[in-house]
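Peer 1: Take a look at the letters that make up each chain.
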Amino acid sequence: MSAHDSGAASSGEQGGVAVRAVDVGKVFPTKAGDVVALSGVDLDVAAGEFVSLIGPSGCGKSTLMRLIADLDPATSGVLEVFGKPPQRARLDQDYGIAFQQAGLLPWRTVGQNIGLPLELHGVAKAARIDRIRELVELVGLTDFVDRYPDQLSGGMQQRVAIARSLAERPRLLLMDEPFGALDEMTREHLQGELARLAAETQAAVVFVTHSIPEAVFLSDRVVVMSPRPGRITDIIDVDLPGPRDASLRESPEYFHRVTAVREALHGTPVERANER
Amino acid sequence: MTAPTTSSIAAARTAPRTGPPEWLRFVAPIAVGVIIVAVWILLVDVLKVAPRALPSPVAIGENLVQHFGIILAGMQITATNALIGLAAGTIVGIVLAALAATLKPVDGMLVPIIAAIAVVPIVAITPILNTMFGASSQFGRQAVAGLAAFVPVFINVLRGLRQTRPVHRDLLRSSAANGFQTFRILTLPTALPYLMTGLRIASSLAVISALVAEYFGGPSDGIGTAIATYAKSGRSALAWAFVAGAIAIGLVFFLVTSLLERLVTRRRSG
Chain A
-10 MSAHDSGAAS
0 SGEQGGVAVR
10 AVDVGKVFPT
20 KAGDVVALSG
30 VDLDVAAGEF
40 VSLIGPSGCG
50 KSTLMRLIAD
60 LDPATSGVLE
70 VFGKPPQRAR
80 LDQDYGIAFQ
90 QAGLLPWRTV
100 GQNIGLPLEL
110 HGVAKAARID
120 RIRELVELVG
130 LTDFVDRYPD
140 QLSGGMQQRV
150 AIARSLAERP
160 RLLLMDEPFG
170 ALDEMTREHL
180 QGELARLAAE
190 TQAAVVFVTH
200 SIPEAVFLSD
210 RVVVMSPRPG
220 RITDIIDVDL
230 PGPRDASLRE
240 SPEYFHRVTA
250 VREALHGTPV
260 ERANER
Chain B
12 MTAPTTSSIA
22 AARTAPRTGP
32 PEWLRFVAPI
42 AVGVIIVAVW
52 ILLVDVLKVA
62 PRALPSPVAI
72 GENLVQHFGI
82 ILAGMQITAT
92 NALIGLAAGT
102 IVGIVLAALA
112 ATLKPVDGML
122 VPIIAAIAVV
132 PIVAITPILN
142 TMFGASSQFG
152 RQAVAGLAAF
162 VPVFINVLRG
172 LRQTRPVHRD
182 LLRSSAANGF
192 QTFRILTLPT
202 ALPYLMTGLR
212 IASSLAVISA
222 LVAEYFGGPS
232 DGIGTAIATY
242 AKSGRSALAW
252 AFVAGAIAIG
262 LVFFLVTSLL
272 ERLVTRRRSG
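Here the protein sequences line up with chains A and B, keeping their order. Following the numbering used here, the numbering of the first sequence begins with -10 at its first residue and continues without gaps. Following the numbering used here, the numbering of the second sequence begins with 12 at its first residue and continues without gaps.
I should point out that these hints are in silico values taken from the structure, not numbers from a laboratory. Keep in mind it's a predicted model, so treat the numbers as computed, not measured. A hint or two may mislead.
Claimed, not checked - Here are some, though not all, of the chain A residues that point toward chain B, as calculated from beta-carbon distances under 10 Å:
#, residue
1, Gly85
2, Gln89
3, Gln90
4, Trp96
Backbone N, C-alpha and C define an ideal beta-carbon position, used for all residues, glycine too.
Extracted from the complex, chain A is given alone in its bound form (with noise of 0.2 Å):
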């Protein structure tokens, strides 16, 4: 670990760092033989930043999400949440996460849902209804609060899975894909939404995506990682000024920043004839 402590680890102090990966590895055994998904990982994400992985299928991106969720097991390498064990910082609840699939339990409504994670922490009945008014009003489903997840599209329905990760105030977001089975015009809608949801609650998000626009319109950074094995190859600096809102989709500096993404994930420039 001392090898790596120098040159990625510097970002910050240790409570200014909400995810720390040095040289993580995960190896799935199958019967084919050891499959390396991930190898040689160095990330760090400070607090209150938004951080984007891409890649193609196969690329690990969603290992990493689920080995710093502590849904899985880091085979080798050190990952550190706010500084504790991954297993720690999910027993002590310090993320929220969501999912491609909206994970939604169709017997609760949407009131429920949202509340889960507050029921299972043992949360009293009047604070957890406050809460979840406070999350329908923040995510705007607030007629919604009492159907059931049947009645809902597949937007509303992501819209109550992100309500429901933050409903315990995590200071970081875990989100794999959450856009991806969602139509276009919803999802630029929801990313426009999210966007300010981060800026709002001051929380640090990795985000797992195979869009190139979805990346850069939302992240601080985005992670280019590249498969077999999976592995970090490049990290790109967004640095957007201004809000995250429909104006900066129109703007050259964005396009910039999508060129680049896509220069780093192909490994060539690519020629476009509408730039330069």
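Once you've looked at the hints, dock chain B against the given chain A.
Peer 2: Same frame as chain A, but now just chain B:
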């Protein structure tokens, strides 16, 4: 016959859906029933070509009214046996399925035994159970009903307990839920529709088994005993009236469990 044809064409024009109109679903089976009873009356009362053991539906109806007291008493005995057997079989089925779903060795031990129980015709061991528990005890009959009910409940609940989706398991784990919370909030509600399906199948089996068990000894009460007695002594109309009582028990068990199943599966499409 022309009137329904034209009205169904009109319905097809106004509503853009294919298939027969809604009212046909209720009218068709009733019509079939009426036709069967009419043919029955024709064969027995008008043409008088039916065998002696097939009485007229009118005679069966008369017997049903006249002897309603003893038929109801018989129904109570048989229905109680079926209900006790169903309840016991269901509880044992749930407990063993929960054990098999949690502990791998138990699963390996139980499944071959359950498979063996499932292929044994319950009727085969009924005379033995009836002799074992004596002529004054209903226990043999209840045990037969319980055994019959146990198998579908066990199989369905075990399957249901294994239906939790990976995304839900990940969610509960990432929310730091402990084992008991995961069972209460995720595993049990997921398995509930499967339990209800098992219960619906088991309810019919319990009634049939409790009734058939009465043909093989035990106390001289219950619907099955009465059917056997009156059929042998030539009072076929009264025997058929008891058959009607048996059908009523089966229907009540089936309808109640079907209703429970529908209530539970209402919100499962999401």
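Peer 1: Would you settle whether the hint for Gln89/A is holds or violated, based on the nearest Cβ-Cβ distance to chain B being less than 10 Å?
Peer 2: 8 Å, holds
Peer 1: So, Trp96/A near chain B? Judge it on the closest CB pair being under 10 Å.
Peer 2: 5 Å, holds
Peer 1: Was the hint right that Gln90/A lines chain B, CB cutoff 10 Å?
Peer 2: 5 Å, holds
Peer 1: Take the shortest C-beta to C-beta distance between Gly85/A and chain B; is it under 10 Å?
Peer 2: 8 Å, holds
The structure fails none of the hints (numbered hints given earlier).
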